[in-house]
Amino acid sequence: MTDFLIVAYPWIKAVHIMAVIAWMAGLFYLPRLFVYHAERAGTDDAAGGLDSLFQTMEERLLRVIMNPAMIVAWAAGLALAMTPGIVGWGMVWPWTKLLGIVAMTWFHMWLSARRKDFVAGRNRLTGRQYRMMNEVPTVLMVLIVLSVVVKF
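Numbered by my numbering, the letters in the sequence shown go through residues 20 to 171 in order.
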């Protein structure tokens, strides 16, 4: 198995990077959709068309892009971490990266729960609150990238 991981390392790394890019795109875009949904749906929308449109966009973004990208990013990342000679577990950086990834996954799940709130008509957050939450993936991305590149 380790021979396979060593040989496949560049391919696994490429898949990991692509999956992370797709996942991050969703993590940046979904809170922005929630901003517009919270601020615009329900205003001059007697037929519920705008609310329905936002719900469709949010659900498809999560189901078709974000969930698969997160799963592939995790799977490829675990394969990279198991590749001999890649991760020095005695250093700090793998642990800060892991902390960032776990926090990113929690944020993904939090966004999924907020989508369910919109579907059930229970959204209680404002557009401003979603705008502030839109900064979470940026902060986590900085932590993760610095951890991997600087290897502190």
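Take these hints with a grain of salt, some might be off.
[To be verified] Computed list of lysine to any residue pairs in SDA-like fashion (alpha-carbon distance at most 20 Å, straight line):
#, residue 1, residue 2
1, Lys135, Asn86
2, Lys170, Met160
3, Lys32, Val168
4, Lys32, Met20
5, Lys135, Phe73
6, Lys135, Ser71
7, Lys170, Glu154
8, Lys170, Leu97
9, Lys32, Ala98
10, Lys135, Lys32
11, Lys116, Leu69
12, Lys116, Thr145
13, Lys32, Ser71
14, Lys116, Val169
15, Lys170, Leu99
16, Lys135, Met152
17, Lys135, Gln148
18, Lys32, Phe73
None of these hints come from the bench; they were simulated from the model.
*Is Lys116 within 20 Å of Leu69, Cα to Cα?*
violated (39 Å)
*Going straight from one Cα to the other, do Lys116 and Val169 come out at no more than 20 Å?*
holds (11 Å)
*Pair hint Lys32 and Val168, alpha-carbon separation not exceeding 20 Å*: Distance ~14 Å between Lys32 and Val168 Cα, so the pair holds.
_Hint consistency between Lys135 and Ser71 [alpha-carbon to alpha-carbon, up to 20 Å]_ = Given pair Lys135, Ser71 holds - Cα atoms ~13 Å apart, limit 20 Å.
*Within 20 Å, alpha carbon to alpha carbon, are Lys170 and Met160?*
Given pair Lys170, Met160 holds - Cα atoms ~15 Å apart, limit 20 Å.
*Is the Cα-Cα distance between Lys116 and Thr145 20 Å or less?*
Given pair Lys116, Thr145 is violated - Cα atoms ~31 Å apart, limit 20 Å.
*Within a Cα-Cα threshold of 20 Å, do Lys135 and Lys32 meet the stated pairing?*
Not satisfied, since the Cα-Cα distance of roughly 33 Å exceeds 20 Å.
*Keeping to a limit of 20 Å between CA atoms, is the pair of Lys32 and Phe73 held or broken?*
violated (34 Å)
*Given the hinted pair Lys170 and Leu99, is their alpha-carbon gap at most 20 Å?*
holds (16 Å)
*Is Lys170 within 20 Å of Glu154, Cα to Cα?*
Since the Cα atoms of Lys170 and Glu154 sit roughly 24 Å apart, the hinted pair is violated (cutoff 20 Å).
*20 Å limit on alpha-carbon distance, applied to hinted pair Lys32 and Ala98*: holds (9 Å)
*With a cut-off of 20 Å on the C-alpha distance, tell me whether Lys135 and Asn86 pass.*
OK: Lys135 and Asn86 at ~15 Å, within 20 Å.
Violation of the numbered hints given earlier is confined to hints 7, 10, 11, 12, 13, 18; the remaining hints are satisfied by the structure.
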